[in-house]
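**Student:** If you want the building blocks of each chain, they are given just below.
Number of protein chains: 2
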Amino acid sequence: MEVKVLAIKEDILGANKERARKNQKRLEEHTILGVNVMSSPGAGKTSLILKTIERFKAKVRMAVIEGDIASRMDADKVHQQGVPVIQINTGGACHLDANMIEQALNHLSLEQVDLILIENVGNLVCPAEFALGVHKKIMLLSVPEGDDKPHKYPLMFTEVDVVLVNKIDVLPYFDFDMSSFIQAMAGLNPAAKVFKISCRTNEGLEAWFFWLQEEINQIRRKKQS
Amino acid sequence: MEVKVLAIKEDILGANKERARKNQKRLEEHTILGVNVMSSPGAGKTSLILKTIERFKAKVRMAVIEGDIASRMDADKVHQQGVPVIQINTGGACHLDANMIEQALNHLSLEQVDLILIENVGNLVCPAEFALGVHKKIMLLSVPEGDDKPHKYPLMFTEVDVVLVNKIDVLPYFDFDMSSFIQAMAGLNPAAKVFKISCRTNEGLEAWFFWLQEEINQIRRKKQS
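Just so you know, the protein sequences line up as chains G and C, in that order. Once you know that position 24 of the first sequence is 802 in the numbering used here, the rest is easy, because the numbers rise by one and skip nothing. Once you know that position 203 of the second sequence is 981 in the numbering used here, the rest is easy, because the numbers rise by one and skip nothing.
Check the hints yourself; a few may be wrong.
When chains are identical, the list treats them as one kind, so a pair holds in a single copy or across two.
Quick list of in silico lysine to aspartate or glutamate cross-link-like pairs, DMTMM-like style, CA-CA up to 25 Å [unchecked claim]:
| id | residue 1 | residue 2 |
| --- | --- | --- |
| 1 | LYS974 | ASP953 |
| 2 | LYS855 | ASP955 |
| 3 | LYS855 | ASP926 |
| 4 | LYS855 | ASP953 |
| 5 | LYS914 | GLU880 |
| 6 | LYS803 | GLU993 |
The set of hints was computed from the structure by calculation and includes no laboratory data.
When you get a sec, could you build the whole thing from the sequences and use the hints?
**Tutor:** Dropping the structure here:
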């Protein structure tokens, strides 16, 4: 319907892909696992990152890149946990891109990092289109958002390696049909892992931690071989 | 940080503004109130529209324009209420724009309509930047998203005439600080009306209906004078 806009977008996407490849190469040179964390606003990205820090920081050297239109609230929370954090303020842009990540990487001591979690801008659309150069793309879908979201934002649900269904502690108060959701995912993206979690009660988080540890191990094995 | 992208955006925004002005003129020629309904995915836009249809359809001639990346689920729900509805599938674009609305208006019998509700793509970023040519911009913020959203998505909260805080029936289960939210709104956009509602229990909806009826009356008075 809006051909002009889409044509411009493709051009930007091509340049972004090239930069993303460079970022990924750079992460691999330093044996770092990069994870792009996406969701709607308020679905629990920061809570998941804070829980993951709590669990991993004693054994894995972490860094966090926080993406927001404005504010540094999330970066301050990560900083309080003693983890290196870079806040990107996109000043209006609705997603992070590879160029922003390149600049953030320039400000981290990469030789001292094993895992970088990147919190994207809260948005189910554009972040799915812009590669950052990370190894894994994950998303949170929170129960209050509803089980119909894969039908409405199919690219995001198709692109990700993991969906964390968050806020399962409030399932009794919402009409969220888990089997409809699981069925929609099986149709769109059967390879994606689905974890049911609550960052408030910690329910289900162990399975996510196990998955993440396996991915970190794999990056290390790949480097050694 | 991403100068190239922003420069292109400004160009698109200029052309969009011009088209939006034409849409608004067209609505006014037909004495139609146009309302742009925005929010994060799953905050309750469709529920609010359905509740508003239920209340207004006997006395106000309504039409609905549904914006989604993909799917026609919401349009089908509106259609079941016997209200004319146009579904726009943006095919990837993260917001509606004035050109899309112009095309949708071409498919409506405008001489038989008093109120058009436009459900934008679920997104707190880009929809705030793209004028559609309507008289009022409203948004829903749902309680599970958290009270910090005005700090993170300031343009959206600054641009709107009304914020409906939805899902207040689940306030006991979430850490949503209403006074923090009200304070943030007072700083960003003191002219905006704030309604606390639940589309599930109907709590607070009367105030919203009253506001909407007043706006419809005003368009009529403006036409007569």
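**Student:** Look at each hint and say if it fits the structure.
**Tutor:** Each hint tested on the structure:
no. : hint            : in the structure
1   : LYS974 / ASP953 : both (16 Å within a copy, 21 Å between copies)
2   : LYS855 / ASP955 : between (33 Å within a copy, 18 Å between copies)
3   : LYS855 / ASP926 : between (31 Å within a copy, 13 Å between copies)
4   : LYS855 / ASP953 : between (32 Å within a copy, 16 Å between copies)
5   : LYS914 / GLU880 : within (17 Å within a copy, 40 Å between copies)
6   : LYS803 / GLU993 : within (17 Å within a copy, 56 Å between copies)
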